[in-house]
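A.B. asks: What follows is each chain in one-letter form.
Number of protein chains: 2
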Amino acid sequence: MFQNKMPRFEILSEDAMAVLDKGWRRIVSEMGVEFMHDGALELFRQAGQKVEGNLVKFDPEFILAQVAKAPSEFDVQARNPKNNVHIGGDSMVFVGNYGSPFVRDLDVRRTATFDDYKNLVKLAQSFPLMDSAGHTICEPDDLSLDSRHIDMTYALQTMTDKFYMGNVISGPNAADVIKMSEILFGGREAIEKTPATVSLINCNSPLRWDDRMLDAMFEYSAANQAVILTPFIMMGAMSPVTIPAALVQQIAEALSGLALVQLIRPGAPVIFGSFMSNVDMQSGSPQFGTPESAMGQLCTGQIARHFNLPFRSGGGLNASQTVDAQAGYEAYTTMMATFLSGTNYVLHAAGWLEGGLVASFEKFVMDNEILGQLQTQFTPLNVTEESLAFDSHIEAGHGGHFLGTMHTLENFRTAFYRPFLSSSDNFDRWTRNGSKTTDVRASEIAHKMIDEFEATALDDAIKAELDEWVAKRKKELDA
Amino acid sequence: MFQNKMPRFEILSEDAMAVLDKGWRRIVSEMGVEFMHDGALELFRQAGQKVEGNLVKFDPEFILAQVAKAPSEFDVQARNPKNNVHIGGDSMVFVGNYGSPFVRDLDVRRTATFDDYKNLVKLAQSFPLMDSAGHTICEPDDLSLDSRHIDMTYALQTMTDKFYMGNVISGPNAADVIKMSEILFGGREAIEKTPATVSLINCNSPLRWDDRMLDAMFEYSAANQAVILTPFIMMGAMSPVTIPAALVQQIAEALSGLALVQLIRPGAPVIFGSFMSNVDMQSGSPQFGTPESAMGQLCTGQIARHFNLPFRSGGGLNASQTVDAQAGYEAYTTMMATFLSGTNYVLHAAGWLEGGLVASFEKFVMDNEILGQLQTQFTPLNVTEESLAFDSHIEAGHGGHFLGTMHTLENFRTAFYRPFLSSSDNFDRWTRNGSKTTDVRASEIAHKMIDEFEATALDDAIKAELDEWVAKRKKELDA
Chain S
2 MFQNKMPRFE
12 ILSEDAMAVL
22 DKGWRRIVSE
32 MGVEFMHDGA
42 LELFRQAGQK
52 VEGNLVKFDP
62 EFILAQVAKA
72 PSEFDVQARN
82 PKNNVHIGGD
92 SMVFVGNYGS
102 PFVRDLDVRR
112 TATFDDYKNL
122 VKLAQSFPLM
132 DSAGHTICEP
142 DDLSLDSRHI
152 DMTYALQTMT
162 DKFYMGNVIS
172 GPNAADVIKM
182 SEILFGGREA
192 IEKTPATVSL
202 INCNSPLRWD
212 DRMLDAMFEY
222 SAANQAVILT
232 PFIMMGAMSP
242 VTIPAALVQQ
252 IAEALSGLAL
262 VQLIRPGAPV
272 IFGSFMSNVD
282 MQSGSPQFGT
292 PESAMGQLCT
302 GQIARHFNLP
312 FRSGGGLNAS
322 QTVDAQAGYE
332 AYTTMMATFL
342 SGTNYVLHAA
352 GWLEGGLVAS
362 FEKFVMDNEI
372 LGQLQTQFTP
382 LNVTEESLAF
392 DSHIEAGHGG
402 HFLGTMHTLE
412 NFRTAFYRPF
422 LSSSDNFDRW
432 TRNGSKTTDV
442 RASEIAHKMI
452 DEFEATALDD
462 AIKAELDEWV
472 AKRKKELDA
Chain H
2 MFQNKMPRFE
12 ILSEDAMAVL
22 DKGWRRIVSE
32 MGVEFMHDGA
42 LELFRQAGQK
52 VEGNLVKFDP
62 EFILAQVAKA
72 PSEFDVQARN
82 PKNNVHIGGD
92 SMVFVGNYGS
102 PFVRDLDVRR
112 TATFDDYKNL
122 VKLAQSFPLM
132 DSAGHTICEP
142 DDLSLDSRHI
152 DMTYALQTMT
162 DKFYMGNVIS
172 GPNAADVIKM
182 SEILFGGREA
192 IEKTPATVSL
202 INCNSPLRWD
212 DRMLDAMFEY
222 SAANQAVILT
232 PFIMMGAMSP
242 VTIPAALVQQ
252 IAEALSGLAL
262 VQLIRPGAPV
272 IFGSFMSNVD
282 MQSGSPQFGT
292 PESAMGQLCT
302 GQIARHFNLP
312 FRSGGGLNAS
322 QTVDAQAGYE
332 AYTTMMATFL
342 SGTNYVLHAA
352 GWLEGGLVAS
362 FEKFVMDNEI
372 LGQLQTQFTP
382 LNVTEESLAF
392 DSHIEAGHGG
402 HFLGTMHTLE
412 NFRTAFYRPF
422 LSSSDNFDRW
432 TRNGSKTTDV
442 RASEIAHKMI
452 DEFEATALDD
462 AIKAELDEWV
472 AKRKKELDA
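Going down the list, the protein sequences come from chains S and H. Letter by letter, the first sequence follows residues 2 to 480 in our numbering. Letter by letter, the second sequence follows residues 2 to 480 in our numbering.
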């Protein structure tokens with residue numbers, strides 16, 4: 002997996018950090034945070050925090066003491082141990098798109114089906130830079146609402162040998178995912194020792210944690226499964242209309258959720274989540290890949306490191322309707338900030354389009370090209386006397402060229418990143434080949450990969466046990 | 002003009018810098034640099050350097066002593082003093098595309114004409130973020146080869162009130178541009194006091210400076226006009242196939258040219274130039290917006306600051322054939338590195354397409370959108386107690402929204418960057434409006450700006466003098 006050994010790009014001064022620090026303390030203590038969940042309120046009451054109805058007013062020092070119990074780094078296991086990941090430090094984990102009700106297949110935009118879901122999962126398994134397909138890579142609308150979490154989890158377990166994410170629609174759904182993971186990894190103890198899932202718990206910003214998400218979180222955290230506590234902030238709508246105010250709110254929300262996890266199970270793995278962009282203040286519509294969202298990512302990295310926590314942000318976010326130039330520069334904006342900030346967990350790393358409403362096959366391919374480029378850009382240079390290739394200069398001579406020098410012949414295969422989507426064909430050749438724009442080429446690559454996909458076989462006994470449990474459980478749920 | 006007050010992103014360690022330092026010294030002293038110009042050779046001979054035919058072998062300390070004579074920052078004047086620019090320090094100057102023989106107007110790609118040239122100049126004058134149209138924003142193929150430098154310079158002087166670049170085809174061409182600038186700015190003394198032009202002097206890499214470019218350089222430097230000494234390096238072809246080797250070669254080439262300028266006129270303004278990308282090692286075709294080119298930019302910034310010199314790099318470079326997704330992410334890759342490295346002089350800031358063969362109207366618009374976003378992203382956050390907008394939180398309440406709070410109403414107009422090209426329209430609205438992709442919307446913006454263009458009037462007496470001189474000189478040249 003990718004290690005980001007480049008410097009972090011940090012833009013907050015010590016003074017700025019001090020202002021933000023004062024800010025979140027004021028929010029959690031004076032305004033407090035709402036938890037629409039009796040179990041959560043009870044835990045906070047027992048821990049000596051001031052509970053007024055659904056509102057919890059915190060002692061900031063209590064929150065910091067809870068946060069200190071959380072691991073700063075941890076592992077997540079995958080079916081294929083080679084695909085195990087480490088979360089935190091310099092590690093970056095890249096996970097597929099999440100939550101889109103629609104798909105785009107080049108010129109066709111449609112409601113997502115389970116076939117689409119499986120095809121996107123195939124892409125996530127096939128691309129070597131992807132660490133996980135995630136969970137709801139798109140929302141399969143043709144499946145039963147009550148049992149589709151089982152179908153999705155089963156697809157992730159059998160079609161991929163990478164780690165997967167959990168379902169967060171309800172507590173019982175979470176319990177099902179945990180049960181299926183126990184079957185796959187050999188029992189409860191095995192997954193409690195090393196988490197097998199990571200689940201996305203969103204805050205209903207501003208300053209409210211909802212009951213169903215918290216139900217799911219209680220299940221996962223009790224089983225020592227990792228959760229990402231993510232404030233969902235479209236600046237201007239779900240937060241005040243400034244970046245510093247949104248950052249302070251984000252800290253208050255994420256840390257209050259983190260504190261709850263540490264009450265449920267001290268030491269349970271958590272990720273400081275960030276999903277922060279802004280709305281168009283004329284139309285109110287969400288924007289992505291904006292300068293403000295990039296700055297938010299850079300600041301979030303600095304803040305998460307301040308609290309010694311792994312963090313999630315970024316991905317290939319954009320608001321474009323198709324995989325056009327805007328999709329290209331907006332996705333790159335977000336992904337570049339993802340690398341500059343040293344993000345540990347990158348959700349929506351591939352496939353996101355149209356503000357997240359759409360999972361796009363061609364965008365999935367494009368995002369993997371961008372990921373490949375950025376992993377190269379964020380791999381430190383090896384600057385040695387040998388790397389200067391002085392002999393190659395002597396061989397080429399003044400005004401000469403280097404294509405045929407010994408040093409070039411020995412190194413040309415690995416010297417530079419080799420794009421699989423970007424084209425530098427000259428105009429004649431590009432025209433002869435059909436004048437295909439990037440989205441068209443990406444679509445061809447996607448469909449070829451889907452057609453050629455072969456799943457890694459799963460152990461027969463495990464598969465039989467899984468099949469039996471799935472059949473029984475789906476029957477119960479759909480009854 | 003834009004000041005980049007964000008941190009610089011530096012990726013070279015002290016050890017790496019020491020290796021590079023040793024490397025360029027070895028190249029200039031052991032291999033030497035070729036100057037295909039008797040005047041240059043004579044100056045170097047007089048200065049005590051070892052001259053063998055066209056080859057000059059340098060004492061590195063001599064080069065450093067010459068470089069120390071160059072100003073680290075300087076001003077360039079424009080017809081409208083409000084458009085004067087400062088080159089060096091935190092300043093970033095954004096200049097149009099340069100040198101393309103073709104233009105693309107959405108679906109039409111054609112040989113560039115003087116009409117195209119004037120239309121692109123209109124865009125450069127109209128976009129507030131552009132500091133200059135440059136010089137050869139495209140190559141007007143329908144004009145006489147002998148006098149088109151006069152036509153271009155005249156267009157730049159009369160249609161724009163921003164600074165402009167000089168012609169570098171020959172010494173006499175350079176002398177013509179200087180003469181025209183004397184007329185515009187009130188005599189030789191006025192332009193010697195503060196340069197009125199910046200000219201691009203490319204090295205014929207590896208390690209050779211050609212005669213015609215040097216002829217032009219002699220004219221400009223003698224008149225205290227700024228020159229950009231730019232190694233032209235496609236790694237793998239014009240340099241060895243590693244970034245460190247290319248960096249060392251770039252230093253040797255740029256500094257040897259800089260040393261010559263300081264012999265011609267000590268203290269004359271110079272810019273350390275960088276144009277560094279790589280070829281596709283399978284096909285040999287030039288690639289742009291690559292991870293290696295971005296890393297080269299970051300390193301170049303660090304190196305130029307080490308020598309206390311303003312530097313040129315970056316722009317909206319890409320290899321794409323149309324303004325599609327690849328054009329979007331490649332242009333952003335280069336432009337982001339331009340900002341991260343703190344580039345002082347950004348040539349090709351707008352319009353570049355197809356590896357520079359094409360100047361594109363829609364790309365010009367797109368690049369200005371990216372510039373606007375990046376200028377926002379590189380403007381430091383104002384993090385104060387007031388910016389946290391605590392009252393807005395109280396007004397919105399838990400689970401509420403901020404669209405109507407007092408703080409939002411007071412700040413929403415200026416809170417976030419407002420795109421003029423990117424669309425966050427929802428799918429229905431976007432479809433109703435014709436399903437226009439980014440290139441189509443950009444083209445509409447370009448043509449509207451061109452149609453509505455009005456030049457800023459030039460003083461009648463100056464214009465009369467200029468017209469008279471131009472008519473006479475063109476008659477001589479085309480005779």
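Check each hint, because a few of them may be wrong.
In this list, chains with the same sequence are indistinguishable; a pair is considered to hold if it fits within one copy or across any two.
Here are the simulated lysine to aspartate or glutamate pairs, EDC-like style, with alpha carbons at most 16 Å apart [said to hold, decoys possible]:
(1) Lys51 with Glu31
(2) Lys23 with Glu386
(3) Lys23 with Glu387
(4) Lys437 with Asp108
(5) Lys449 with Glu43
(6) Lys475 with Asp452
(7) Lys119 with Asp106
(8) Lys449 with Asp216
(9) Lys180 with Asp468
(10) Lys475 with Asp429
(11) Lys119 with Glu453
(12) Lys6 with Asp429
(13) Lys119 with Asp142
(14) Lys6 with Glu193
(15) Lys194 with Asp468
(16) Lys473 with Asp152
(17) Lys473 with Asp147
(18) Lys70 with Glu411
(19) Lys23 with Asp142
(20) Lys51 with Asp211
(21) Lys58 with Glu43
Hints listed in this document are in silico derivations from the structure and should not be mistaken for laboratory results.
A.B. asks: Now tell me, hint by hint, if it's right for this structure.
C.D. replies: Evaluation of the provided hints:
1. Lys51 with Glu31: within (11 Å within a copy, 76 Å between copies)
2. Lys23 with Glu386: The answer is between: 9 Å across copies meets 16 Å, while 50 Å in one copy does not.
3. Lys23 with Glu387: Between copies only: 12 Å across chains, 51 Å inside a chain, cut-off 16 Å.
4. Lys437 with Asp108: both (14 Å within a copy, 13 Å between copies)
5. Lys449 with Glu43: Intra 54 Å, inter 63 Å, cutoff 16 Å: neither.
6. Lys475 with Asp452: Answer is neither; intra-copy 29 Å and inter-copy 64 Å both fail.
7. Lys119 with Asp106: within (14 Å within a copy, 41 Å between copies)
8. Lys449 with Asp216: Classified as neither: same-chain Cα gap 41 Å, cross-chain 55 Å, threshold 16 Å.
9. Lys180 with Asp468: within (13 Å within a copy, 85 Å between copies)
10. Lys475 with Asp429: neither (56 Å within a copy, 36 Å between copies)
11. Lys119 with Glu453: within (13 Å within a copy, 51 Å between copies)
12. Lys6 with Asp429: Classified as neither: same-chain Cα gap 41 Å, cross-chain 44 Å, threshold 16 Å.
13. Lys119 with Asp142: within (13 Å within a copy, 54 Å between copies)
14. Lys6 with Glu193: neither (30 Å within a copy, 48 Å between copies)
15. Lys194 with Asp468: Neither way: Lys194 and Asp468 sit 25 Å apart in one copy and 84 Å across, limit 16 Å.
16. Lys473 with Asp152: This pair counts as within: shortest intra-copy Cα distance 13 Å, inter-copy 82 Å.
17. Lys473 with Asp147: Within one copy, since 14 Å is at most 16 Å while 85 Å is not.
18. Lys70 with Glu411: Neither: 51 Å inside a copy, 41 Å across copies.
19. Lys23 with Asp142: Neither, since 45 Å and 63 Å both go past 16 Å.
20. Lys51 with Asp211: Close neither inside one copy (19 Å) nor across copies (78 Å); limit 16 Å.
21. Lys58 with Glu43: within (13 Å within a copy, 81 Å between copies)
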